[in-house]
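J.: Those protein sequence lines, which keep their order, are chains A and B. When we follow the numbering used here, the leftmost residue of the first sequence carries the number 1, and every step to the right adds one. When we follow the numbering used here, the leftmost residue of the second sequence carries the number 1, and every step to the right adds one.
Errors might be hidden in some of the hints.
Listing some non-contacts, in silico: residues in chain A with all C-beta distances to chain B over 12 Å [what the hints assert, rightly or not]:
1. V43
2. V146
3. A157
4. V164
5. G173
6. G177
7. T183
8. I255
Partner residues aside, some chain A positions facing chain B, computed with beta carbon under 10 Å [what the hints assert, rightly or not]:
9. T4
10. V58
11. D69
12. A72
13. A130
14. E131
15. L134
16. W137
17. K203
18. Q205
19. G208
20. D214
21. A241
22. R242
23. T244
Short derived list, chain A residues pointing at chain B, Cβ under 7 Å [what the hints assert, rightly or not]:
24. V56
25. S57
26. F135
27. Q142
28. G202
29. S212
Simulated from the structure, these hints should not be mistaken for lab results. All C-beta atoms, glycine included, are put in the ideal place defined by N, C-alpha and C.
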Amino acid sequence: MGATFVIVLREGFEAALLLGILYAYLTKIGRPESRRYVTAGGVLALAASIAMGVAVSVISGPLADLGPDVIAIGVVFLAVVLLTWHGWWMGRHAREIRGEVQRRIDEAHARQRLWLVGLIAFTGVFREGAETVLFLWGLLVQAEGVSSWLALVGGVAGLLGAVVLGWLVFQGGRRLGVQRFFTATSVLLLLLAAGLFSTGVGKLQGVGLLPSGDPVWDTSWVLDDHGALGGVLTGLAGYRARPTALEIGAYSLYIVLVGTLFFPALVRRKTYGRSDVTAPVAHRQI
Amino acid sequence: MLRIEGAAVPKIVVSLLLALVAFTAPRASGQDAPTGIPITIENNRFVPSEVKVQAGKPFVLVVTNKDAKSEEFESKELRIEKVIPAGKTASIRVRALKPGTYPFFGEFNSKTAQGRIVAE
Numbered sequence: 001m002g003a004t005f006v007i008v009l010r011e012g013f014e015a016a017l018l019l020g021i022l023y024a025y026l027t028k029i030g031r032p033e034s035r036r037y038v039t040a041g042g043v044l045a046l047a048a049s050i051a052m053g054v055a056v057s058v059i060s061g062p063l064a065d066l067g068p069d070v071i072a073i074g075v076v077f078l079a080v081v082l083l084t085w086h087g088w089w090m091g092r093h094a095r096e097i098r099g100e101v102q103r104r105i106d107e108a109h110a111r112q113r114l115w116l117v118g119l120i121a122f123t124g125v126f127r128e129g130a131e132t133v134l135f136l137w138g139l140l141v142q143a144e145g146v147s148s149w150l151a152l153v154g155g156v157a158g159l160l161g162a163v164v165l166g167w168l169v170f171q172g173g174r175r176l177g178v179q180r181f182f183t184a185t186s187v188l189l190l191l192l193a194a195g196l197f198s199t200g201v202g203k204l205q206g207v208g209l210l211p212s213g214d215p216v217w218d219t220s221w222v223l224d225d226h227g228a229l230g231g232v233l234t235g236l237a238g239y240r241a242r243p244t245a246l247e248i249g250a251y252s253l254y255i256v257l258v259g260t261l262f263f264p265a266l267v268r269r270k271t272y273g274r275s276d277v278t279a280p281v282a283h284r285q286i
Numbered sequence: 001m002l003r004i005e006g007a008a009v010p011k012i013v014v015s016l017l018l019a020l021v022a023f024t025a026p027r028a029s030g031q032d033a034p035t036g037i038p039i040t041i042e043n044n045r046f047v048p049s050e051v052k053v054q055a056g057k058p059f060v061l062v063v064t065n066k067d068a069k070s071e072e073f074e075s076k077e078l079r080i081e082k083v084i085p086a087g088k089t090a091s092i093r094v095r096a097l098k099p100g101t102y103p104f105f106g107e108f109n110s111k112t113a114q115g116r117i118v119a120e
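With the hints as constraints, model all of the structure from the sequences given.
T.: Listed below in structure tokens is the structure:
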């Protein structure tokens with residue numbers, strides 16, 4: 001029962017976190033009506049997950065062998081692209097949204113494709129969706145004795161646990177001040193996207209599309225990425241106990257490059273600071 | 001301008017996916033189709049639980065799930081995650097490995113479903 005609880009919670013954790021943030025986000029920018037995009041994205045992803053679960057159970061052959069891998073890799077990179085776009089957009093408009101008073105962003109920006117936020121919800125739920133559906137389905141089919149019923153109960157409880165988690169993120173996010181909320185979620189989404197990006201690179205290495213290499217370090221003795229905490233950190237920030245050089249490179253590059261998109265103010269302030277310091281020094285030397 | 005950026009996203013995605021399919025497809029048709037190594041999942045265990053492969057050569061694991069529920073064949077080291085529904089067989093292509101031991105496990109029954117690939 002405990003094992004199935006952890007498995008489903010781990011699969012649902014990332015999706016719940018994303019949905020919670022997106023709901024809170026749309027509330028914050030004064031577009032609560034656009035939350036329907038997120039709901040629709042989640043529901044569609046659930047339907048797609050079930051369809052995919054049925055498909056891999058029915059189809060055999062090269063399509064079944066290859067299809068899920070291609071889809072999994074595609075969904076990972078789609079999520080990265082969408083999250084990057086979203087973070088960039090949030091960074092750009094952070095100043096307008098910042099004031100509590102003028103937090104309803106103007107109509108022109110609102111017409112900005114908020115449905116893309118729904119697409120983020122879709123990728124978040126669909127990424128581990130089919131897997132979870134198949135897992136729970138297996139439990140249901142096998143539910144005969146008491147222990148297997150308990151396993152099913154554990155699985156369903158894990159799903160509920162994820163839902164509660166998402167709801168807590170949503171409620172907590174709503175209570176945070178606007179500025180704090182945007183800073184916190186920008187950091188979270190940046191880490192999440194960087195983790196997804198390196199996961200995608202790892203998957204490409206796994207199928208041989210990118211050259212693979214030995215792990216650069218091994219921290220599994222401190223924190224195994226298969227344990228409960230390690231698993232959560234994997235979903236949250238892309239933690240890997242044995243990362244390859246390419247994965248580390250991808251992760252760092254993403255944090256540095258996309259971090260400047262997420263936090264444009266940070267970069268601007270830094271460069272101004274630097275030029276202020278260097279200019280007088282240069283004068284003195286002349 | 002903003003809208004163009006928004007619309008550009010799906011295009012990037014579509015081209016990424018197409019590239020992925022294009023790159024992966026020829027491998028599946030297998031010009032030098034490596035031989036498959038059979039593994040069976042039975043009673044939440046892998047049989048055999050240890051497979052020996054030649055180092056430096058890609059290979060294919062042909063995993064059959066004889067149990068009545070899905071299992072996920074997973075290897076953290078090899079970056080493989082593959083759900084295999086009840087009664088199904090999946091071919092898993094594995095890249096050329098350096099000599100060494102690479103553990104794998106069944107994500108849904110990780111207590112019992114443990115195995116390893118030994119590349120020599």
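J.: Can you give the numbers of the hints that this structure goes against, from lowest to highest?
T.: none
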